[in-house]
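There are 2 protein chains.
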Amino acid sequence: MDRYLVISSDGHAGPRPEVYRDYLDPQFRDEFDRQHALRMQALEQAGERLEMAAESAKWAEDKASGLSGAWDSEQRNAVIDADGVAAEVLFVDGLTEQNSPPFGGDLGMVPMGAVPELQWAGARAHNRWMKEFVAAEPARRLGLALVPPFWGVEQAVQEVEWARENGLGGILLPHMWMDQAPYHHPKYEPLWAACQDQGIVIHFHSGAAPMLDYFGAAVFGAAAPSDEPPVEMPGALGIYVTEVCWWLARPLVFMIWAGIFERYPRLKVAVTEGTSIWVPELLELMDHRYSAHHFSAKLGTGYRKHMTMKPSDYFHRNVMVGSSCMPRREAEMRHEIGVHNIMWGTDYPHPEGTWPITRKMMLETFHGLPEDEIEAMIGGNAAAFYGFDLEKLNPIAERIGPERAWFRDETSA
Amino acid sequence: MDRYLVISSDGHAGPRPEVYRDYLDPQFRDEFDRQHALRMQALEQAGERLEMAAESAKWAEDKASGLSGAWDSEQRNAVIDADGVAAEVLFVDGLTEQNSPPFGGDLGMVPMGAVPELQWAGARAHNRWMKEFVAAEPARRLGLALVPPFWGVEQAVQEVEWARENGLGGILLPHMWMDQAPYHHPKYEPLWAACQDQGIVIHFHSGAAPMLDYFGAAVFGAAAPSDEPPVEMPGALGIYVTEVCWWLARPLVFMIWAGIFERYPRLKVAVTEGTSIWVPELLELMDHRYSAHHFSAKLGTGYRKHMTMKPSDYFHRNVMVGSSCMPRREAEMRHEIGVHNIMWGTDYPHPEGTWPITRKMMLETFHGLPEDEIEAMIGGNAAAFYGFDLEKLNPIAERIGPERAWFRDETSA
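For the record, the sequence lines run as chains B and X. Following the numbering used here, the numbering of the first sequence begins with 169 at its first residue and continues without gaps. Following the numbering used here, the numbering of the second sequence begins with 169 at its first residue and continues without gaps.
Simulated from the structure, these hints should not be mistaken for laboratory data. Check before you lean on any hint, since a few could be wrong.
In silico DSSO-like links for lysine-lysine, alpha-carbon gap of 30 Å or less [what the hints assert, rightly or not]:
#1 B:Lys478 to X:Lys473
#2 X:Lys473 to B:Lys231
#3 X:Lys226 to B:Lys473
#4 B:Lys528 to B:Lys355
#5 X:Lys473 to X:Lys299
#6 X:Lys478 to B:Lys528
Okay, chain B solo, but in the shape it has when bound (with noise of 0.2 Å):
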């Protein structure tokens, strides 16, 4: 083939809010109705106090059209054609338009303040909106779930069961626990064995992060730490922008010792849209602290005592990295980080990604890079890591690829 089979890693997709009512279960509506319009005021207002949500507006202006992709099957589709990208793994909206499913039941999930049985609700409608998405175009669509896991593993087991059956592919799991119980607690276990036993990938997603540490009441109201009057804390969004891939690594740090991949050897996890650069640190310092030395005597061995391999080990086997809208500086570090456990990806329709400047982008990110090379993290690894059926992408591929050619430099050639 003279084109890349191209697979973006991290996609989203949902309804416009008010379409979500549709999917719920109807004994939920009508909390829907009395929160629905509250919920898009403070999500409006939250934004007037934020540039960052100000600057996203801005973005999105002249691209109503293309942003439709969010939910128009279509539109979607001519998209990512003109990308070049032949299948993409969906997570859940929540930007374009404020498209967030109700009740909590989106893509932080974060349990402060959730009511278990509605963000269950709001969860599950989303789910089978996805269902009905990826059921349109099932080649190319990799639709994840949402699963909020705090409130009983065994709905969190059925809903992984519900996924399989539905052709959902995978499901996404909240990096924020707060005050439930962290992924080391052995009460998971049952959710890891239902992932392994029906394949279906474990994702976490970035965003969440403790935002009202970070901008304090002048930006999220009442729910202060103190009683102190609102006033604006400098630099908090740089904060959030450098902590929260941090947050979004933790459940690997937990799921590693805990030795999960140790007894789920075919359980698998993608971190995504977290960047790339902190891999190599992070494994060196678990396998700095898992080998016997010096400065480990004092931990004595029992730490270790769910481990066969060394952390690294189980990160190179287990675990896929999400790099959305990557950087040329993690395409050089590739070898690292594990040129098998980079997973390209365009974050469209997000201000943040590629989308509409994708190919451009592309080119940047790996121009010059040996082919075999290029070919795994641009699509090849997210391809088997998925299961893809390459029967039917590599025809698309092939139309609407970009060419292996445009990437050889010059100078390299």
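Please arrange chain X on chain B, whose structure you already have, making use of the hints.
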């Protein structure tokens, strides 16, 4: 000089726990008597459940006379002389015979569950003891005062002034604010101003982390996050020793983005015993977030308005890393970290520290490197950062310091 001037950026000192009673303001002594026995018992019980504590106790068994350097001035001089260490930065202890100051005025100073008046009382008791310990050997000891800043910044400022007047060269601040305001809150500005004006170095020291999250109710008692029965949380210790570095680095992220080093360009911060390997990637990530490019466009520019330089510039100007028990790998990364931002340390008298094989460990860390760089990392950087009196220290180093010749590799000569 044929020998290196060695300064340890990380020593711990404090009296046996019962001694703190005499250093408390009298009105807190009854409360001390009420709590002391119970606290010792609780610490012992937690220790029995923690393999880490058992390993530490085993390590300490045959080292009693050396460990008494935690509080015995003569013994301390004998130990660090033997180690080849001319001077030390002295943090509170807490490991050696459970010698934490009372009432949570300890190394972690976590705010959760603390009674402000009592936490201050415990911290001040330690500060008074430290004043005396430093006064016994002022040229070789840079003592740090404990300052819990959450309960009113005026008190914190007063303690900074007290520290300066009483011969202490720095303060320790907690890095876990939990439900209190993080360090980018404007209310802390007078504290930064006072530290700059008084030439008081701010320190963060690793240790505190969300232990209840990691170990669960089985180890940490009744304050579990749920009413489930206690279970063993697999991998808890590995998670702790991985994350502990990140919790330690958090204040730096907040302070840099908040522009604190812009407004207080002579403010000095040391981040101690959290390894140094996270430094290059954290700086790279923050600089990437700071720079204007496609991916940061949606962030606007307001979040950078408190800064005139990029994040790594503030780090290299205002921040030092206390590299306790520095592994060889960090020495090899010295140019990425900043060869003038590294201060080697022993962590004496803690079991993960280099004592009693300090000379062997420093050789392993530094052998074969350029002499000017060893000189900087092993003592010169700390001498300049803290303003140690070299006229007094150099004669000591000439007597007990490690010989430069030892560090020269035959192969590299």
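To see whether the hints hold, each was checked on the structure:
1. Under the criterion of a C-alpha separation no larger than 30 Å, the hint pairing Lys478 (chain B) with Lys473 (chain X) is inconsistent with the structure, at around 43 Å.
2. The suggested pairing of Lys473 (chain X) with Lys231 (chain B) holds, with an alpha-carbon distance near 29 Å, which does not exceed 30 Å.
3. Taken as a hint, the Lys226 (chain X) and Lys473 (chain B) pair is honoured in the structure, with Cα atoms around 20 Å apart against an allowance of 30 Å.
4. Simply put, Lys528 (chain B) and Lys355 (chain B) have alpha-carbon atoms about 46 Å apart, too far for the 30 Å limit, and the pair is violated.
5. Distance check on the hinted pair: Lys473 (chain X) and Lys299 (chain X) sit about 41 Å apart at the alpha-carbon level, beyond 30 Å; violated.
6. Restraint check for Lys478 (chain X) and Lys528 (chain B): the C-alpha separation of about 27 Å stays at or below 30 Å, so the hint holds.
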